[in-house]
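Given these sequences and hints, build the entire structure.
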Amino acid sequence: MFPTLLRAVDFLIATAVVLTCIEVLVEVAFRYLFHLPLPWGAELSQTLLVWVTFVGAASALARGEHMAIGLAVQKVKSPRLRSIVRTAGRLAVLGFLGLGVWAGGLVTSRTWALRTTALQIPAGLLYLAFPAGCLLMAFIVLRELSRGGKE
Amino acid sequence: MATLLIVMAVTLLLGVPVAFAIAISGVFYLLVESSVPVLVFAQRMVVGVDSFTLLAIPLFLLAGAVMAEGGITPRIMRLAAACVGHIPGGMAVVMVLSCMLFGAISGSGVADVAAIGSIMLPAMKNQGYKPAFSAALLGCAGSLGTIIPPSIVMVVLGVSMGVSIGKLFLGGILPGILAGGALMLISWGFSVRENYPRLERASGKEILQALQGALLPLLTPAIIIGGIVYGVFTATEAGAVAVLYAFVLSVFVYRKVTLRRFFEVCLEVGRTSAVVLFIIAAASLFGWILTAEDIPQKVASFLLSVSRERWALLILFNLLLVLLGMFMETIAIILIVVPIFFPIMQQVGVDPIHFGVMICVNLAVGANTPPLGVDLLAACKIAGIPYEDSFRYILPFVGAMVAALALIVAFPPLVTAIPNWFMR
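Keeping their order, the protein sequence lines are chains A and B.
So our numbering is basically just the index in the first sequence, starting at one, shifted up by 1070.
So our numbering is basically just the index in the second sequence, starting at one, shifted up by 30.
Derived by calculation from the structure, the hints in this document are not laboratory data.
Some clues are possibly wrong.
[Claimed, not checked] List time: in silico DSS-like cross-link candidates among lysine-lysine, alpha-carbon distance up to 27 Å:
#1 B/411 with B/155
#2 B/286 with A/1145
#3 B/411 with A/1145
#4 B/411 with A/1147
#5 B/411 with B/286
#6 B/411 with B/160
Take a look at the structure:
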């Protein structure tokens, strides 16, 4: 089930990137060809960017693509100690993600009733990206933890 | 302040990714030492990336990635080989020039390393170059991608400092050429000593053919920079136009990329952008805490009490950046450190564009200094050698870049001459 979820997430990320390109190009075209501003353009593309950030961070986490200083952990000789160090790091990340789901959820619900100026969509839709991304990442970290201290 | 740094250092040592380490230290601070409600961190992290200018990051990355997929790397290398292949250490010098040319198309050091390295490193190995030597050189040469415009690092600098991204782009041209020249000089010296082979001298006709083959891709920087400088579009829009150009070139002209493959590249770029943007989100939380705690004012009054001499402050600042560059990622450093130092530098009369480009060059060095040398690490991965092996060779190359940096710090016109000429 988890791989399917990740594939769906990946599909959404790629689609968001394509949409962003198209949106910015359409905006340029409207300005030069029809001398019309696109009032909802920036709002749409920025919302997409925020979603790409936090959901994309989850996709990158699942593939170990985030930058880290690996040298210190690799220098630990005993495999047991190394696995303890890794687990401690993952628990710290998990704690952060847990807080992220909670705090992000609160911010989202408090801003849901507000409408954005151009698109008239809930302002909370922007903030929802954060708890959603944190929840996905928490799943990924939990899965890593359940597999023990391996790479 | 101490809490922030200790938590960050401990989490980094535990192998926690940089972005998370920054975010965790910020949240820990809010929980333990601050009266601000904790949930502010969620809002700050979202607001940190909710910016039209930052959209330029995925767009520039995508333009570079689509170009690379379109098979422009061999075209660029052929041109570089025709121009400089005949001097001793031909391949090494060709790699530096290829990285510089590709840097004018892509906006990221790691992308530059990947595009040039994946083709160039195997070829150099065949010619007898030591892989650790080539990887160290590749890391440094690739980092020129962030100095030579376009550059996503400069986009972030422009946002953080509130200065013209177009001017920063133009300001990076001479420093990029200077740093590249320094790297070529060192690789030439090395190659003479190690007796590395040279390539055959290309005839005038061959050079012309190579130029013709690389002409269309090399128009990209002209479109981007010309478009921004002459006010045709913003940096973000320039990124989107560059994507369109790369798409047309790779899909229709060179016919190397299918629509399906394009979609896959979009996913990869979405992921790489997310890594960068997540660092930006975390760093803007961190920077917000520093500002709320009046740290910029405290640092400013401390520094100005030590010295009001411009040179002393510039040297101090650059030493600090080199040190930070060893442990921290480029964009995080910019978002955290620039708001602290920019006001001081303006007070003592440092030109903002000079300051911004200087940071960019300094952090290109930082991308090659271990333990956290992002470009060097990427180069070692492609070379298939352990990260530590490259450390033996990195010092002379980093030294060359530091020498270029020193010149750039000492002579502001190296940076400001071109932007002042084009943009008043």
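Outcome of the hint check:
1. B/411 with B/155: holds (15 Å)
2. B/286 with A/1145: Status violated; Cα separation ~43 Å.
3. B/411 with A/1145: Since the Cα atoms of residue 411 of chain B and residue 1145 of chain A sit roughly 18 Å apart, the hinted pair holds (cutoff 27 Å).
4. B/411 with A/1147: holds (22 Å)
5. B/411 with B/286: holds (26 Å)
6. B/411 with B/160: Within the cut-off at roughly 15 Å; holds.
Taken one by one, the earlier hints fail for this structure only at number 2.
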